[in-house]
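The hints should help you fit chain B onto chain A, whose structure is shown.
So the protein lines, in turn, are chains A and B. When you line the first sequence up against my numbering, it's residues 1 to 272, in that order. When you line the second sequence up against my numbering, it's residues 1 to 272, in that order.
Take these hints with a grain of salt, some might be off.
Identical copies go unnamed one by one, so any copy, or any two together, can satisfy a pair.
[As the list claims (entries may be wrong)] List of simulated lysine to any residue pairs, SDA-like, C-alpha gap at most 20 Å:
no.: 1; residue 1: K149; residue 2: P48
no.: 2; residue 1: K149; residue 2: Y97
no.: 3; residue 1: K64; residue 2: P160
no.: 4; residue 1: K64; residue 2: D269
no.: 5; residue 1: K64; residue 2: R195
no.: 6; residue 1: K104; residue 2: P118
no.: 7; residue 1: K17; residue 2: Q80
no.: 8; residue 1: K150; residue 2: A215
no.: 9; residue 1: K64; residue 2: P194
no.: 10; residue 1: K149; residue 2: P177
None of these hints come from the bench; they were simulated from the model.
Protein chains: 2
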Amino acid sequence: MQAGDNNVKSYPRISAKKLRGLCRTGEFSGPTSGLASGHVQANLMIVPREYAFDFLLFCQRNPKPCPLVEVLEAGLFEAQCAPGSDIRTDLGAYRIYEHGQLKKEVSDIRHIWDTCGPDGLVSFLLGCSFSFETALVEAGIPLRHIQQKKNVAMYRTSIPCVPAGRFSGNMVVSMRPVKSRDIARAVEVSARYPRVHGAPVHIGNPAALGIRDLALPDYGDAVDIAEDELPVFWACGVTPQYVAELSKLPFCISHAPGKMFVTDLLTDDMCN
Amino acid sequence: MQAGDNNVKSYPRISAKKLRGLCRTGEFSGPTSGLASGHVQANLMIVPREYAFDFLLFCQRNPKPCPLVEVLEAGLFEAQCAPGSDIRTDLGAYRIYEHGQLKKEVSDIRHIWDTCGPDGLVSFLLGCSFSFETALVEAGIPLRHIQQKKNVAMYRTSIPCVPAGRFSGNMVVSMRPVKSRDIARAVEVSARYPRVHGAPVHIGNPAALGIRDLALPDYGDAVDIAEDELPVFWACGVTPQYVAELSKLPFCISHAPGKMFVTDLLTDDMCN
Numbered sequence: 001m002q003a004g005d006n007n008v009k010s011y012p013r014i015s016a017k018k019l020r021g022l023c024r025t026g027e028f029s030g031p032t033s034g035l036a037s038g039h040v041q042a043n044l045m046i047v048p049r050e051y052a053f054d055f056l057l058f059c060q061r062n063p064k065p066c067p068l069v070e071v072l073e074a075g076l077f078e079a080q081c082a083p084g085s086d087i088r089t090d091l092g093a094y095r096i097y098e099h100g101q102l103k104k105e106v107s108d109i110r111h112i113w114d115t116c117g118p119d120g121l122v123s124f125l126l127g128c129s130f131s132f133e134t135a136l137v138e139a140g141i142p143l144r145h146i147q148q149k150k151n152v153a154m155y156r157t158s159i160p161c162v163p164a165g166r167f168s169g170n171m172v173v174s175m176r177p178v179k180s181r182d183i184a185r186a187v188e189v190s191a192r193y194p195r196v197h198g199a200p201v202h203i204g205n206p207a208a209l210g211i212r213d214l215a216l217p218d219y220g221d222a223v224d225i226a227e228d229e230l231p232v233f234w235a236c237g238v239t240p241q242y243v244a245e246l247s248k249l250p251f252c253i254s255h256a257p258g259k260m261f262v263t264d265l266l267t268d269d270m271c272n
Numbered sequence: 001m002q003a004g005d006n007n008v009k010s011y012p013r014i015s016a017k018k019l020r021g022l023c024r025t026g027e028f029s030g031p032t033s034g035l036a037s038g039h040v041q042a043n044l045m046i047v048p049r050e051y052a053f054d055f056l057l058f059c060q061r062n063p064k065p066c067p068l069v070e071v072l073e074a075g076l077f078e079a080q081c082a083p084g085s086d087i088r089t090d091l092g093a094y095r096i097y098e099h100g101q102l103k104k105e106v107s108d109i110r111h112i113w114d115t116c117g118p119d120g121l122v123s124f125l126l127g128c129s130f131s132f133e134t135a136l137v138e139a140g141i142p143l144r145h146i147q148q149k150k151n152v153a154m155y156r157t158s159i160p161c162v163p164a165g166r167f168s169g170n171m172v173v174s175m176r177p178v179k180s181r182d183i184a185r186a187v188e189v190s191a192r193y194p195r196v197h198g199a200p201v202h203i204g205n206p207a208a209l210g211i212r213d214l215a216l217p218d219y220g221d222a223v224d225i226a227e228d229e230l231p232v233f234w235a236c237g238v239t240p241q242y243v244a245e246l247s248k249l250p251f252c253i254s255h256a257p258g259k260m261f262v263t264d265l266l267t268d269d270m271c272n
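Looking at chain A on its own, in the form it has when it is part of the complex (with noise of 0.2 Å):
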């Protein structure tokens, strides 16, 4: 927990417009897992303009990693979906690449808009597994990343997304333990919402996706696997960032890890 939060006890009844308040005066800066609980949280990505075709496209040929749940205009910073909203304040942290190189990590990019001029900059808002994970625990499907606070365990694969312009690369996942009698109903359950990546890509085999070691996910930390479970693969929003830095863009800004965009959209108005 970082300084300021140590209040988070009271969060996950906070207010989505609240939150976002709360990381704009920078009151808080952790990860939003389970906070604001019931509402769409976000991965950001903020290109240069003259890449935002691409990267629509990018999305639009690649929905179950790259779910869009707002694409705003370019140069505008409040999105729809989270009327008053700020998103050059509003999240914990943001990430910024040169060249597809992590430079800095910074809690403000105001100055960034000021640079890049009034339309220089297209925001982009993708679906994040935390909405269907809430869906999974409430059907009764443990989450033993959950269990344990960890962050999910994630891997790049061997599954190369649609290309799209200047974009390309293989898709990342992530994977939860999943016991055996659990697994269609967890199906089911991801299944109603494709804005959130949807039902699974992959079920049991890691090495049919490329993923040589479990123990060693590339991003997020390691869970075991029990004897009656199996492991269980979603496409995963870490993708798109994976794919810009490969395209090594000039420019361009994410959100830092687990630390999401909290729309005032309900997880549940997302299902099918």
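Showing chain B alone in chain A's frame:
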């Protein structure tokens, strides 16, 4: 029927590839409804690269009237949904608009491609109701405009689309009279095809859509509505063309009405 179309009786069974070839050589230039049966047909919209992001965003925000079948990379003219195709020659006719005005109808747009440079134009293929109409007929729901060999009746409504960049305007809908006893079934069947407009947007009350007189469609041909029928309205692929016209783009190209791009995709594969 146009000159050279006298073989049209055999066209329901023609392959999509062969039909595109006949368009390319000028041997066929008629409406494509009912031809190469079972294959997805698409609306075509071509915009200059600088408007492509806004137009893609418009489609993404309005998926019912603008369901994307494929977006080609800037400058490309072979659709992935139709290997070997050339979208510059493989449609019966094209309409060229300048500043929102129809300027001319041509059968080949290769010369425009040459003028606009190697990546000057972006082509959008959008779902077309011909696909779900086949499914409705197969489900035992007769469609009067097909029985009467008319074009479907289409109306501009008072329902605003979600704007994007310079694109804004109201939705265009198509109307089909359906017997009251068949309406629920018509909803179920068309809902299975979200990539070709999906379920109806409205049933029964034209005035609620701002339509004053069903006998005076804005596009296509009027049909009678019988005592035991209600008018059923679906979002229509003419919407993006209408919106592009309203937006007064310096320049854009669409297919000529009823003369669609015939893909190799099977309608059955578009089913949810």
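As a check of your reading, is K149 near P177 (CA-CA no more than 20 Å) within one copy, between copies, both or neither? within (15 Å within a copy, 57 Å between copies)
When no copy is specified for K64 and D269, does a C-alpha distance of 20 Å or less occur within a copy, between copies, both, or neither? Cα proximity of K64 and D269: in one copy and across copies (18 Å, 18 Å).
With 20 Å as the alpha-carbon cut-off, assign the pair K64 and P160 to within, between, both or neither. So K64 and P160 pass the 20 Å test inside one copy only (13 Å; across, 29 Å).
At most 20 Å between alpha carbons: which applies to K149 and P48, within, between, both or neither? neither (35 Å within a copy, 50 Å between copies)
With 20 Å as the alpha-carbon cut-off, assign the pair K17 and Q80 to within, between, both or neither. within (13 Å within a copy, 43 Å between copies)
Are the CA atoms of K64 and P194 at most 20 Å apart within a copy, between copies, both, or neither? Answer is both: 7 Å inside a copy and 16 Å across each meet the 20 Å cutoff.
I want to check one pair: K64 and R195. Are their C-alpha atoms no more than 20 Å apart within a copy, between two copies, both, or neither? both (8 Å within a copy, 16 Å between copies)
Regarding K150 and A215, is the shortest C-alpha distance of 20 Å or less found within a copy, between copies, in both, or in neither? Within. Shortest intra-copy distance 14 Å satisfies the 20 Å Cα cut-off; inter-copy 64 Å does not.
If the cut is 20 Å between Cα atoms, do K149 and Y97 qualify within a copy, between copies, both or neither? Neither: 28 Å inside a chain and 58 Å across chains, both beyond 20 Å.
Alpha-carbon proximity context of K104 and P118, limit 20 Å: neither (23 Å within a copy, 37 Å between copies)
The structure fails hints 1, 2, 6 (numbered hints given earlier, in ascending order).
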